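Quick note: the sequence shown, position 216, residue 215 per numbering that gives the first Met the number 0, numbers continuous.
In short, the hints are calculated from the structure, not lab data. None of the values given here were measured: they were computed from a predicted structure. Note that beta-carbon positions come from the ideal geometry of N, C-alpha and C, so glycine has one too.
Result set (EDC-like, lysine to aspartate or glutamate): computed pairs, CA atoms no more than 16 angstroms apart in a straight line:
no., residue 1, residue 2
1, LYS183, GLU213
2, LYS183, GLU354
3, LYS175, ASP203
4, LYS320, GLU343
5, LYS183, ASP217
6, LYS175, ASP202
7, LYS175, ASP208
8, LYS320, GLU339
9, LYS78, ASP48
10, LYS175, GLU206
11, LYS175, ASP261
Simulated restraints on C-beta separations:
no., residue 1, residue 2, range
12, ASP83, GLU306, 19 to 29 angstroms
13, SER97, PRO353, 30 to 40 angstroms
14, GLU84, THR356, 40 to 50 angstroms
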Amino acid sequence: MSKIKLRSLLAISSSALLLAACSGEDASDSSSEDTSTEDTGGETSESTDFSVAMVTDEGGVDDRSFNQSAWEGIEQWGKDNNLDEGTGYAYYQSDDSSDFVPNFNQALADGYDIIYGIGYLLLDSVNQVADQNPDQHFGIVDDISDRDNVVSLTFKDHQAAFLAGVAAAETTETGKVGFIGGIKGQVIDRFQTGFEAGVAHADDSVEVDVQYAESFNDAGIGQQIAAGMFSNGADIIYHAAGAVGNGVFTEARNRMESNGDDQLWVIGVDRDQEEEGNYDGGNLTLTSTLKEVGNAVVESTTQAIDEGFPGGETIAYGLEKGGVELVRGNISDDVWSSVEEARESVINGDIEVPEFTYSE
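Full structure from sequences and hints, please.
Now the structure itself:
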């Protein structure tokens with residue numbers, strides 16, 4: 000690993016937690032030890048000109064989900080370190096995949112020390128620019144790069160999705176729940192597989208309707224799929240689809256405001272989406288699975304500053320120390336007890352949550 004030379008004295012807070020990393024083919028189980036993403040802080044008593052940038056995937060920085068979580072972490076890190084947006088930290092918005100490489104090249108031209116690609120859709124672009132710029136440091140979130148100048152940050156999303164499945168199965172009144180994925184592939188399959196396993200663990204009579212939007216940014220498709228699921232009897236929908244999920248919330252809110260007799264719920268993803276569930280009669284976000292993308296980016300940046308850039312390493316973030324999690328939200332006391340019991344069983348190894356059903 001190369002040692003990054005800081006251009007000014009830096010004092011980082013010591014709350015960054017243990018990082019464990021090893022390379023491997025499997026995106027979530029490649030780490031020999033789970034990695035914590037609890038509050039990393041990253042505050043300094045002095046300003047620094049060390050800089051970090053991120054390139055979004057197609058969902059955009061305000062997707063209220065994955066990209067936004069990453070940006071909120073970087074933004075807070077920048078503020079804590081007395082940096083200015085646009086010079087010390089920045090994001091580059093991608094409307095579609097054709098923007099990925101140009102955005103990386105612009106971030107390179109702007110001189111950022113580490114540039115993160117947010118989402119597995121950017122892997123090929125990260126590898127391309129990493130090959131072209133071997134002395135530059137990059138990061139990829141939700142996939143694994145074998146380049147020596149790229150750090151790979153992955154998450155055990157199936158563990159949090161399992162807990163969401165338990166909550167859904169024990170909350171549904173109709174015996175039917177839905178899962179809406181973004182684009183088919185191993186990353187989203189991890190959410191689907193964990194969710195279905197959690198439902199079956201809690202009540203194998205509950206039916207799971209699985210559909211894919213084949214998009215991460217088309218809220219209209221999300222609303223259309225959700226409308227069909229609700230009309231067919233599902234009363235809870237879990238989405239793992241980025242900005243597509245905004246349409247799921249829209250459809251649920253519209254239905255609850257027009258006829259609130261039959262409770263509908265949405266389970267959010269990647270960040271706490273409670274706010275998206277607000278409607279005139281209450282709140283319909285049952286819970287949300289968290290993926291601490293922002294904290295992971297901050298931790299790997301802090302490691303680069305303190306110890307040297309962890310290029311070529313894969314760092315996996317799981318349930319054990321809060322890399323992924325399920326929020327309490329509107330889950331009832333009885334159901335939450337079941338969720339906590341399931342969480343402990345996953346952490347201590349009594350339950351091994353399946354990760355994939357999808358194959359290329």
